[in-house]
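Okay, here's what each chain looks like letter by letter:
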Amino acid sequence: MNDGAGKFHHRATVLFLVLLVVLFTSSIALAAFQSPLTAALDQLNRGNVFEAIRSLKLALPENPQANFYLSGIYTRMGRYDTAYRYLSSAIQANPTQAAYYDQLGLIRQYEGCRPEALAAFRQALTLGMKNEEATVWRHIGDVHVNLLEWDKAVDAFRNTLRLRGDDAGAHLALGRIYLDRNDPAAALVELHAASAITPPISGLYAAMGRAYRASGNPESAIDVLTKAIARDPSDQESRYVLAQTLLAEGRAREGREALRDYQQLQERMTQTNSMFEAGVERARAGDLAEAEKVLREILKVAPRYAPALQILGTVLLNRGNVQPALEAFRQSLSVNPLNSETYLNMGAAYLRLGNLNTALEMTEKALVIEDEDARLYNQLGEIYSRMSRPDQSRAALARAVVLQSAPGYQPPDPYGSEGRHRDDAATVRQICGGASLP
Amino acid sequence: MKRISQGVCFISIVLLLWETRGAGAETGFSTFTDVAKAMGITAMNIHGGATKDYIVEANGNGAAFFDYNNDGNVDALIVNGSTLDHYRDGGDPLVVLYRNDGNTFTDVTAAAGLKTSGWGMGVCVADYDNDGNSDFYVTGYGPDALFHNDGNGTFSDVTATARVSDTRWSTGCAFGDYDRDGDVDLYVANYAAFSEKTIRPRGRNNLCRYMGVDVFCGPIGLTGEPDALYRNNGNGTFTDVTAAAGIKDPNYYGFGVVFNDFDNDGWPDIYVANDSNPNLLFRNKRNGTFEEVGLVSGTALSESGRAQSGMGLTTGDYDGNGYLDIFVTNFAGDTNTLYKNLGNMLFADSTVAAGLGEIALPYLGWGASLADFNNDGWLDIFVANGHVYPQVDSLKVGQRYLQRKELYRNLGNGKFREIAADVSADFLVGKSARGSAVGDYDNDGDLDILSINLNDRPSLYRNEGESRNHWIGFRLEGTRSNRNAIGARVEIEAGGRKQISEVRSGGSYISHDDMRIHFGLGEVRRADRVRVRWPNGNTQELGGFEADRYVVIRE
Numbered sequence: 001m002n003d004g005a006g007k008f009h010h011r012a013t014v015l016f017l018v019l020l021v022v023l024f025t026s027s028i029a030l031a032a033f034q035s036p037l038t039a040a041l042d043q044l045n046r047g048n049v050f051e052a053i054r055s056l057k058l059a060l061p062e063n064p065q066a067n068f069y070l071s072g073i074y075t076r077m078g079r080y081d082t083a084y085r086y087l088s089s090a091i092q093a094n095p096t097q098a099a100y101y102d103q104l105g106l107i108r109q110y111e112g113c114r115p116e117a118l119a120a121f122r123q124a125l126t127l128g129m130k131n132e133e134a135t136v137w138r139h140i141g142d143v144h145v146n147l148l149e150w151d152k153a154v155d156a157f158r159n160t161l162r163l164r165g166d167d168a169g170a171h172l173a174l175g176r177i178y179l180d181r182n183d184p185a186a187a188l189v190e191l192h193a194a195s196a197i198t199p200p201i202s203g204l205y206a207a208m209g210r211a212y213r214a215s216g217n218p219e220s221a222i223d224v225l226t227k228a229i230a231r232d233p234s235d236q237e238s239r240y241v242l243a244q245t246l247l248a249e250g251r252a253r254e255g256r257e258a259l260r261d262y263q264q265l266q267e268r269m270t271q272t273n274s275m276f277e278a279g280v281e282r283a284r285a286g287d288l289a290e291a292e293k294v295l296r297e298i299l300k301v302a303p304r305y306a307p308a309l310q311i312l313g314t315v316l317l318n319r320g321n322v323q324p325a326l327e328a329f330r331q332s333l334s335v336n337p338l339n340s341e342t343y344l345n346m347g348a349a350y351l352r353l354g355n356l357n358t359a360l361e362m363t364e365k366a367l368v369i370e371d372e373d374a375r376l377y378n379q380l381g382e383i384y385s386r387m388s389r390p391d392q393s394r395a396a397l398a399r400a401v402v403l404q405s406a407p408g409y410q411p412p413d414p415y416g417s418e419g420r421h422r423d424d425a426a427t428v429r430q431i432c433g434g435a436s437l438p
Numbered sequence: 439m440k441r442i443s444q445g446v447c448f449i450s451i452v453l454l455l456w457e458t459r460g461a462g463a464e465t466g467f468s469t470f471t472d473v474a475k476a477m478g479i480t481a482m483n484i485h486g487g488a489t490k491d492y493i494v495e496a497n498g499n500g501a502a503f504f505d506y507n508n509d510g511n512v513d514a515l516i517v518n519g520s521t522l523d524h525y526r527d528g529g530d531p532l533v534v535l536y537r538n539d540g541n542t543f544t545d546v547t548a549a550a551g552l553k554t555s556g557w558g559m560g561v562c563v564a565d566y567d568n569d570g571n572s573d574f575y576v577t578g579y580g581p582d583a584l585f586h587n588d589g590n591g592t593f594s595d596v597t598a599t600a601r602v603s604d605t606r607w608s609t610g611c612a613f614g615d616y617d618r619d620g621d622v623d624l625y626v627a628n629y630a631a632f633s634e635k636t637i638r639p640r641g642r643n644n645l646c647r648y649m650g651v652d653v654f655c656g657p658i659g660l661t662g663e664p665d666a667l668y669r670n671n672g673n674g675t676f677t678d679v680t681a682a683a684g685i686k687d688p689n690y691y692g693f694g695v696v697f698n699d700f701d702n703d704g705w706p707d708i709y710v711a712n713d714s715n716p717n718l719l720f721r722n723k724r725n726g727t728f729e730e731v732g733l734v735s736g737t738a739l740s741e742s743g744r745a746q747s748g749m750g751l752t753t754g755d756y757d758g759n760g761y762l763d764i765f766v767t768n769f770a771g772d773t774n775t776l777y778k779n780l781g782n783m784l785f786a787d788s789t790v791a792a793g794l795g796e797i798a799l800p801y802l803g804w805g806a807s808l809a810d811f812n813n814d815g816w817l818d819i820f821v822a823n824g825h826v827y828p829q830v831d832s833l834k835v836g837q838r839y840l841q842r843k844e845l846y847r848n849l850g851n852g853k854f855r856e857i858a859a860d861v862s863a864d865f866l867v868g869k870s871a872r873g874s875a876v877g878d879y880d881n882d883g884d885l886d887i888l889s890i891n892l893n894d895r896p897s898l899y900r901n902e903g904e905s906r907n908h909w910i911g912f913r914l915e916g917t918r919s920n921r922n923a924i925g926a927r928v929e930i931e932a933g934g935r936k937q938i939s940e941v942r943s944g945g946s947y948i949s950h951d952d953m954r955i956h957f958g959l960g961e962v963r964r965a966d967r968v969r970v971r972w973p974n975g976n977t978q979e980l981g982g983f984e985a986d987r988y989v990v991i992r993e
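These protein sequences, in sequence, are chains G and L.
For what it's worth, the numbering used here labels the leading residue of the first sequence as 1, then goes sequentially.
For what it's worth, the numbering used here labels the leading residue of the second sequence as 439, then goes sequentially.
Errors might be hidden in some of the hints.
[To be verified] Label-pair restraints from in silico Cβ distances: (1) L:ARG906 <-> G:ARG251: 43 to 49 Å; (2) G:ARG158 <-> L:ASP523: 52 to 58 Å; (3) L:GLY540 <-> G:ARG260: 52 to 58 Å.
[To be verified] In silico DSS-like links for lysine-lysine, alpha-carbon gap of 27 Å or less: (4) G:LYS152 <-> L:LYS853; (5) L:LYS686 <-> L:LYS723; (6) L:LYS553 <-> L:LYS475; (7) L:LYS853 <-> L:LYS723; (8) G:LYS152 <-> L:LYS834; (9) G:LYS130 <-> G:LYS152.
Since the hints were derived computationally from the structure, they do not count as laboratory data.
Keep in mind it's a predicted model, so treat the numbers as computed, not measured.
Just so you know, even glycine gets a beta-carbon here, dropped at the ideal spot from N, CA and C.
Produce the complete structure using the sequences and hints provided.
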């Protein structure tokens with residue numbers, strides 16, 4: 001079910017970051033950049049996110065703007081605590097940079113702090129977003145939708161389109177609002193406008209099908225939904241709406257067939273998810289043989305499901321099957337190259353094989369992505385020790401002790417999808433702030 | 439000039455009168471007044487603490503309107519929860535029973551021998567042993583209980599002897615004669631496995647947050663409990679036939695449940711509203727077994743294929759096409775869902791088209807009724823609302839913990855208009871409402887509403903009946919079919935229109951409505967033809983009846 005999901009996420013991350021670069025460069029003259037930062041941005045533009053992270057971190061002391069890009073990358077990775085940490089440093093260095101507040105708004109929105117997100121977006125507008133004002137208005141519209149403030153959302157999306165008429169996201173959002181307001185004619189106008197912009201965005205055709213159906217034009221609904229499924233067989237929303245439309249039109253056989261397809265795919269996803277949970281549970285319980293069996297079953301159905309590959313690698317490593325573990329990790333990285341847990345485990349595997357240089361390389365790669373995980377420094381200390389580099393070993397182990405002694409530290413779950421401790425609640429409290437709770 | 443002034447004055451008065459009418463009342467609709475306190479229904483609901491640290495403290499209770507003493511007045515039964523502290527010592531009284539004395543209600547809980555304690559949730563009513571007295575089943579967090587009506591104003595707890603003791607966390611229940619053998623069977627919706635020993639309280643689990651603030655954990659993350667179907671053996675005992683009857687509940691978090699004949703084949707089907715999971719529709723295969731057809735019927739998910747958070751549900755033929763439709767209440771930020779029955783066990787999500795979409799988004803719905811509150815012949819919709827998280831008040835997100843009621847007037851053209859503000863100031867008072875039951879407690883021909891408020895006193899909304907429309911009601915008594923005639927379908931023809939309704943046990947949010955069938959007739963003063971299809975499949979044709987009265991029909 002998640003075949004290619006990680007790759008899609010990776011591609012989406014790259015696209016987002018390219019946009020981020022464009023957005024930022026429109027606000028700050030490129031000429032002001034130092035060369036390490038320029039190199040990092042070049043990596044981003046080429047889609048090499050891992051190298052971009054490495055370069056950005058190397059560029060950091062002299063280039064505080066690098067914090068902003070790192071924040072953007074970690075936001076896309078769903079690591080809002082880390083993203084916020086970098087963004088705070090960026091804002092501290094330059095508190096009047098509008099793009100930083102747009103980024104802050106996004107982080108707060110993803111964390112569920114909607115009023116705070118709105119405040120940040122408004123601050124961005126106040127400071128002046130120039131060519132990217134339209135994007136901020138779309139972000140504002142999204143928050144208003146989440147807050148159920150539909151009139152305000154409509155105003156915000158309209159502002160987006162006033163500034164940038166070809167914003168497909170704003171057209172789709174407006175179309176959905178009109179659809180939910182039982183105004184399918186207005187919805188269709190917006191949805192057609194969105195469909196004229198390439199590439200097509202997720203959810204567009206399902207909404208269009210619903211709009212056609214609601215406007216009393218089921219044949220067009222069936223046509224657009226059928227084409228949507230042909231274009232993307234994983235478009236379950238379109239498949240469900242198609243089934244409902246066919247059934248309502250009395251085309252019971254076709255409708256039931258579409259529903260059967262929908263159901264089979266849903267069951268496959270549910271089964272894969274529950275098998276994955278079961279596999280993880282078995283691994284946590286120490287029943288590694290059963291865990292391996294379950295995870296291999298999942299991979300028969302979804303061979304490029306990165307979390308299953310990652311956990312399978314860990315299980316295999318813990319069962320002493322180092323080479324098969326490394327193969328699983330390699331496959332996992334080919335889908336999701338930004339998982340520090342995978343690099344950590346590959347480092348451990350090479351360490352076990354006595355290949356100290358590669359073990360060091362992999363552990364350092366993990367540290368590029370995650371530099372606050374005590375386990376990485378412990379592993380690094382071990383590698384240095386075996387490489388007879390005692391000073392570096394001591395320094396790494398000392399860093400591990402510092403991290404482990406931090407208040408609230410919890411050892412990461414080795415069978416979590418990332419195996420990384422995140423104190424989200426504390427982050428959210430810090431970000432959302434203010435409100436006294438009962 | 440003077441003439442002009444007089445004209446302006448006249449127009450002003452007309453406009454003033456028009457404005458006054460517009461602000462205070464919906465034309466042709468009744469108003470509602472909360473008379474709970476005046477009528478003596480004052481039991482304080484106990485259901486967890488104020489901060490709702492665990493999910494078990496937040497789901498609240500149901501209520502029932504039923505005539506336990508056969509005096510012609512529907513009495514009120516209110517289910518009570520408990521607190522975690524009390525529950526460790528056995529819990530609180532499961533129910534409070536109010537006898538309807540005509541002009542007031544009297545608490546007769548103790549006199550009726552209803553002393554069982556625990557943590558109650560919902561209720562459903564039926565004369566399960568066909569002795570002429572209505573019994574009731576109470577679901578709970580912990581053991582459920584079946585109370586037998588002894589016919590002398592008292593009840594006996596017969597849970598153990600009847601073999602319906604379910605110690606799982608049960609929520610909704612309904613009686614229905616699925617095998618048409620003349621006695622009612624019992625469906626129990628179960629929710630989730632919960633223990634305060636294993637589930638962390640609010641604030642101790644980073645994953646349990648709502649819009650950034652710590653809230654109780656669940657239901658996602660808890661293990662769901664499967665529902666149960668008990669067949670009535672006809673001798674005062676029941677047998678768990680869940681598996682044998684093909685009731686395959688994939689451990690969904692069950693809430694509301696009803697038996698209704700959705701495909702008009704004369705056999706009761708079962709619909710279950712599930713929290714955070716697809717809803718289930720079990721089609722009766724007429725051989726003692728069921729087939730789950732929720733997804734293929736279009737009643738499992740929303741129009742766009744999303745599982746919603748089903749809480750309560752109600753059924754009724756809102757569009758007059760001769761099939762029972764389904765209305766399900768859902769979580770805040772989502773719409774409630776109206777599934778229009780197209781026939782042939784196919785439904786279409788008609789929520790938005792019916793005008794029930796955007797307007798409901800701020801509310802978290804529980805109790806629900808499709809009922810003709812103004813007797814115009816079209817079923818309106820009542821929804822009892824209240825959030826589950828008290829912490830939502832600390833967010834500036836347009837949602838409140840205490841919420842108003844919704845009342846949607848059926849416009850007779852497939853659409854509804856929300857009119858709560860026009861018909862009752864009391865509907866607008868914020869409450870954390872849960873279960874609700876509809877019934878004509880004052881026998882004046884219009885339907886009143888009993889609503890349970892979490893950690894608060896109940897509301898009894900009296901329908902003031904200003905609509906002036908006519909009505910007719912039927913109390914059905916089975917002889918070969920079950921005594922309450924649960925599952926009987928009544929069809930009337932009046933003024934050239936047909937209407938249908940079914941006698942139902944359970945429904946709304948884990949509650950139970952007055953089992954009398956009620957039809958609004960509008961301006962028509964007579965039901966020209968009445969047809970009853972009894973639960974055993976036999977039909978009975980009756981002649982015309984004058985309006986504005988209750989009629990008893992024996993099988």
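Hints versus structure:
1. L:ARG906 <-> G:ARG251: 43 to 49 Å: Since the Cβ atoms of ARG906 of chain L and ARG251 of chain G sit about 46 Å apart, the hinted range of 43 to 49 Å holds.
2. G:ARG158 <-> L:ASP523: 52 to 58 Å: This hint holds: roughly 54 Å between Cβ atoms.
3. L:GLY540 <-> G:ARG260: 52 to 58 Å: holds, 57 Å
4. G:LYS152 <-> L:LYS853: With Cα atoms ~26 Å apart, LYS152 of chain G and LYS853 of chain L stay inside 27 Å; holds.
5. L:LYS686 <-> L:LYS723: Holds, at about 14 Å.
6. L:LYS553 <-> L:LYS475: holds, 24 Å
7. L:LYS853 <-> L:LYS723: Between LYS853 of chain L and LYS723 of chain L the Cα gap is close to 33 Å, so the pair fails against 27 Å, i.e. violated.
8. G:LYS152 <-> L:LYS834: Answer holds: LYS152 of chain G to LYS834 of chain L is near 15 Å, not above 27 Å.
9. G:LYS130 <-> G:LYS152: holds, 22 Å
Checked against the numbered hints above, the structure violates only hint 7.
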